[in-house]
Amino acid sequence: INMSFGGPGQNAATRAAIEEAVAAGVIVVASAGNEGDESASPPPNFPGSYADVFAVAATDINNERAPYSSFYPQVEVAAPGGDGRFDLNGDGFADAVVGGVGRLNNAGTDFEPRYALYQGTSMASPHVAAGFALMKSIFPDLTSDQARQLLEEGLLTTDIAAPGRDSDTGYGLISF
Numbered sequence: 001i002n003m004s005f006g007g008p009g010q011n012a013a014t015r016a017a018i019e020e021a022v023a024a025g026v027i028v029v030a031s032a033g034n035e036g037d038e039s040a041s042p043p044p045n046f047p048g049s050y051a052d053v054f055a056v057a058a059t060d061i062n063n064e065r066a067p068y069s070s071f072y073p074q075v076e077v078a079a080p081g082g083d084g085r086f087d088l089n090g091d092g093f094a095d096a097v098v099g100g101v102g103r104l105n106n107a108g109t110d111f112e113p114r115y116a117l118y119q120g121t122s123m124a125s126p127h128v129a130a131g132f133a134l135m136k137s138i139f140p141d142l143t144s145d146q147a148r149q150l151l152e153e154g155l156l157t158t159d160i161a162a163p164g165r166d167s168d169t170g171y172g173l174i175s176f
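Per this note's numbering, the very first residue in the sequence shown carries number 1; after that it's consecutive.
Some clues are possibly wrong.
[Stated by the list, open to error] Below, in silico cross-link-like pairs of lysine to aspartate or glutamate (EDC-like), each with a Cα-Cα straight-line distance of 20 Å or less:
{"no.": "1", "residue 1": "Lys136", "residue 2": "Asp110"}
{"no.": "2", "residue 1": "Lys136", "residue 2": "Glu19"}
{"no.": "3", "residue 1": "Lys136", "residue 2": "Asp52"}
{"no.": "4", "residue 1": "Lys136", "residue 2": "Glu20"}
{"no.": "5", "residue 1": "Lys136", "residue 2": "Glu152"}
Read the hints as simulated data drawn from the structure, not as lab findings.
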């Protein structure tokens, strides 16, 4: 499950749903939040800060923590989240992540799909959730604890910040 939402407060119903999902063998991933450039020490974001959820920070095109990405001790991994302020690779597009979106027209009868450039930990966390989903397609009995152990052993990441686990990028950039 990917959860690209959150905030500073805990919610009992969300917590119970996560516990039920994990008990059923689901790996739960959440965005870390986008308060990194607003505070020298952003508060933990929930649901990402729950112990059985993988909190995902965002990286920029240089594989560094994106300036907006929240960082705190519960962050376990990082993934591309983009930084739309720049075009550092010179391709004519902002260094953001392409996302598919859709909407109903004003009459509510026709679905209009489109793609756009976005940035944020909500763009990063689906990368991690998709990787875990692929792993579970091959190893259906893979548990959250086993996935966490693989992260801790450095088997799913490339360390990109301070050596070892850090609050900026967790165990590093996801590398399935």
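Here is how each hint holds up against the structure:
| no. | hint | in the structure |
| --- | --- | --- |
| 1 | Lys136 <-> Asp110 | 35 Å, violated |
| 2 | Lys136 <-> Glu19 | 18 Å, holds |
| 3 | Lys136 <-> Asp52 | 17 Å, holds |
| 4 | Lys136 <-> Glu20 | 18 Å, holds |
| 5 | Lys136 <-> Glu152 | 18 Å, holds |
Of the numbered hints listed earlier, the single one contradicted by the structure is hint 1.
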